[in-house]
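A.B. asks: Residue strings, one per chain:
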Amino acid sequence: MNSPETILVVDDEPQIRRFLRTSLAAQGYEVLEADTGQDALRQAVAGHPDLIVLDLGLPDMDGVDVLHRVREWSSVPVFVLSVRAREAEKVRALETGADDYITKPFGMAEFVARVKSALRRSGQGTAVSQPVFTVGALEVDLGRRVVRLNGREMRLSPKQYRLLQVLVANAGRVVTHHQLLHEVWGEAHTEDVQYLRIFVRKLRTWLEPDPTRPRYLLTELGVGYRLRSPDQFETC
Amino acid sequence: MNAQIPSVSRVAKHYGGAAGTVAIAGLIAAAITVFVPQPRVSVLFLCAVLASAALWGVGPSIFAALLGAAVAAFFFYPPIYNFGVDNPQDLLDLVVFAVAAVLIGMLSDKVRRIAAVMEDARVRAKTDELREALLNSISHDLKTPLASIIGSATSLQSFGTLYDAKTRADLIATIREEAERLNHFIGNVLDLTRIRAGDLTPRFEIVELADIVDSALRKAACLLASHDVRVSLPDDLPMLRLDLFLMEHALINLLENAAKFSPNGSRIDVTAETAGRDIRLTIRDRGIGIPAGDVPHVFSKFYRGETNDAKPAGSGLGLAICRAFVEANDGRVEALSNGEGQGAVFRVTLPAADAAYSELMVADE
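So the protein sequences, as listed, match chains R and U.
Using our numbering, read the first sequence as starting at 1 and increasing by one per residue.
Using our numbering, read the second sequence as starting at 1 and increasing by one per residue.
Hints are computed from structural coordinates only; laboratory data are not their basis.
Just so you know, not all the hints are guaranteed correct.
No farther apart than 30 Å at their CA atoms in a straight line, the calculated lysine-lysine pairs in the DSS-like style are these [stated by the list, open to error]: (1) U:K143 <-> R:K104; (2) U:K110 <-> R:K104; (3) U:K110 <-> U:K166; (4) U:K143 <-> U:K219; (5) R:K116 <-> R:K104; (6) U:K110 <-> U:K143; (7) U:K301 <-> U:K143; (8) U:K260 <-> R:K202; (9) U:K260 <-> R:K104; (10) R:K202 <-> R:K159; (11) U:K13 <-> U:K143; (12) U:K219 <-> R:K116; (13) U:K13 <-> R:K104; (14) U:K301 <-> U:K219; (15) U:K260 <-> U:K166; (16) U:K13 <-> U:K110; (17) R:K104 <-> U:K301; (18) U:K260 <-> U:K301; (19) U:K166 <-> U:K143.
Chain U stretches covered by chain R per the calculated footprint, using a threshold of three residues with CB under 8 Å from any CB of chain R [stated by the list, open to error]: (20) 207-215; (21) 241-248; (22) 262-268.
Even glycine gets a Cβ: it sits at the ideal position worked out from N, Cα and C.
Given the sequences, and given the hints that come with them, work out the whole structure.
C.D. replies: Okay, here's the thing in structure tokens:
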């Protein structure tokens with residue numbers, strides 16, 4: 001690795017910034033800090049961060065508005081911090097272009113793993129640049145449109161494959177119900193979440209060793225689905 | 001309760017009722033006159049006044065008194081069919097009746113006011129009791145983990161260099177575990193506040209039980225890490241119409257409860273079945289069970305079971321919240337136990353969504 005990657009941490013709580021700064025610096029990242037939305041926008045321009053960690057509850061601006069402004073000119077990955085029971089806010093942030101979110105309070109091991117995976121995704125453009133995606137026993141060959149589980153080829157319907165394709169392209173991050181429905185079924189069906197549920201159920205019976213305890217295709221309740229990327233692990 | 005402003009129609013109803021009691025008294029008096037000439041009918045009218053006072057208060061009772069006096073004078077005291085009263089004895093009778101009736105009306109009103117004040121005091125006392133219990137619980141459940149956190153952190157700060165790696169790791173683990181306990185407790189208190197504020201308007205969606213179970217298991221993964229959790233859900237369960245978050249939360253609380261009251265390494269089973277138009281979800285642990293007499297109380301606020309080993313006691317809120325959340329989803333939750341040492345079973349019954357949704361197996365292209 002050449003110069004260290006820079007992470008901009010935006011949170012109005014100094015204690016939160018302190019432990020994020022300490023742990024991210026220990027991982028070898030350069031850390032910038034902002035405590036208001038205005039300051040965040042300034043530093044996002046001046047500091048050329050490789051990733052922004054953005055708390056949604058800022059004193060001067062709505063965090064989603066900050067994200068919106070950043071997205072007008074930059075595709076830098078944005079990692080959103082949110083509090084419990086604000087699912088609508090998470091969905092809004094994801095649809096405004098956030099790459100991932102984590103709910104406060106969170107453990108550092110998981111946070112760092114997800115920061116790394118967001119940086120890696122942005123580093124390689126999109127995940128699709130790798131023609132074969134592998135997680136656990138699941139293998140999706142995007143070039144040849146073939147899905148294998150434990151080396152055995154699976155037969156998927158076109159819509160099932162399309163759904164998997166969208167999830168693979170976004171591997172590691174949450175894709176909202178709305179985004180998935182839009183991609184797979186089109187504009188007319190973006191509210192038909194039950195279509196999606198039924199398809200996910202079918203996909204799981206194909207892909208998961210135990211569909212009732214999914215290991216690859218994870219439900220983010222009330223938000224969407226996440227296909228686990230190879231470097232993601234569940235921590236305790 | 002006390003400061004009710006009676007509506008016009010209610011007032012009319014009360015006075016009508018008072019007139020009705022007088023009419024009934026009059027009819028009975030008339031029937032008696034057939035057998036007994038010149039009865040002391042005023043006693044009957046007094047009964048009408050008493051009834052009006054008890055049922056409708058001072059106004060209607062005085063109205064009944066005046067009406068009763070008029071009816072007695074007109075129909076029963078000679079000259080009959082005339083408001084005049086000839087016999088001085090009868091006149092005295094009527095006056096005594098009227099005075100007694102008005103006194104009764106006023107007394108009854110006083111009794112009602114006293115009853116209202118007492119009811120008020122009782123409700124207030126009960127609220128105070130609840131507030132007290134909540135405050136006690138909060139100060140205990142906040143202070144205990146905070147004491148461990150501050151103790152461990154200051155100990156690391158002041159003497160960290162003197163400890164070996166294991167001691168330091170223990171202290172750090174304590175800080176973390178206690179902080180998580182604090183977080184969990186605060187979540188419970190917030191939920192309880194939501195329930196108490198009547199702010200439990202479920203956002204119903206058509207969902208699969210498996211999704212909720214999966215999400216709850218992942219969120220409770222740390223609590224369940226030292227248990228052997230086995231899930232068995234049939235593939236063909238109908239869809240449910242639920243508020244995802246309320247139900248997920250109810251489930252997390254049940255799983256947490258199972259983990260807390262059963263030994264590490266023991267098995268917890270999560271199963272589901274269709275029961276008529278309902279879905280029944282069962283969580284069974286192999287823990288200490290519930291003493292028979294306590295089964296009806298496990299869902300009460302501040303009921304705390306005894307944990308047998310070093311596990312911290314709960315806040316006594318988890319199951320109360322669970323029940324409130326399940327009921328907000330039109331479901332039921334019940335506790336079953338064969339007694340102490342026999343494990344506990346919690347059964348949640350939820351109505352299935354309309355069959356139309358379950359059969360909506362969208363044509364795949």
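A.B. asks: Work down the list of hints and note, for each, if the structure agrees.
C.D. replies: Now the hints, each set against the structure:
Of the pairs offered as hints, the one joining U:K143 and R:K104 holds, with about 21 Å between alpha carbons and a cut-off of 30 Å not exceeded. Distance hint between U:K110 and R:K104 is unfulfilled; the C-alpha atoms sit about 58 Å from each other, more than 30 Å. In summary, the hint linking U:K110 to U:K166 is not supported, as the alpha carbons are separated by about 74 Å, beyond the 30 Å threshold. Note on U:K143 and U:K219: the hinted pairing holds, with a Cα-Cα distance of about 25 Å set against a maximum of 30 Å.
A distance of roughly 18 Å separates the Cα atoms of R:K116 and R:K104; the hinted pair therefore holds under the 30 Å criterion. Distance hint between U:K110 and U:K143 is unfulfilled; the C-alpha atoms sit about 49 Å from each other, more than 30 Å. About 20 Å separates the Cα atoms of U:K301 and U:K143, which keeps this hinted pair within 30 Å; it holds. Distance hint between U:K260 and R:K202 is unfulfilled; the C-alpha atoms sit about 35 Å from each other, more than 30 Å.
At roughly 24 Å between alpha-carbon atoms, U:K260 and R:K104 fall within 30 Å of each other, so this suggested pair holds. Of the supplied pair hints, the one linking R:K202 and R:K159 holds, its CA atoms being roughly 11 Å apart against a limit of 30 Å. For the hint linking U:K13 to U:K143, the alpha-carbon distance of about 57 Å lies beyond 30 Å, and the restraint is violated. With a CA separation close to 22 Å, the supplied pair U:K219 and R:K116 stays within the 30 Å bound.
Between U:K13 and R:K104, the direct Cα distance comes to roughly 59 Å. Violation of the 30 Å bound is thereby established for this hinted pair. Distance hint between U:K301 and U:K219 is fulfilled; the C-alpha atoms sit about 24 Å from each other, no more than 30 Å. Restraint check: the Cα-Cα separation between U:K260 and U:K166 comes to about 26 Å, which is no more than 30 Å; the hinted pair holds. Taking the CA atoms of U:K13 and U:K110, the gap is about 21 Å. The hint holds against a cut of 30 Å.
Distance restraint check for R:K104 and U:K301: the Cα-Cα separation of roughly 27 Å lies within the 30 Å cut-off, and the hinted pair is therefore satisfied. Only pairs whose Cα atoms come within 30 Å are accepted, and U:K260 paired with U:K301 is accepted, the gap being roughly 17 Å. A distance of roughly 26 Å separates the Cα atoms of U:K166 and U:K143; the hinted pair therefore holds under the 30 Å criterion. Coverage of the segment 207-215 of chain U by chain R holds in this model, with 8 residues showing a Cβ closer than 8 Å to a Cβ of that chain against a need of three.
Three residues within the 8 Å Cβ limit are the bar, and the segment 241-248 of chain U against chain R gives 3, so the coverage statement holds. For a cut-off of 8 Å, the count of residues in the segment 262-268 of chain U with a CB near a CB of chain R stands at 0, and the three-residue condition is violated.
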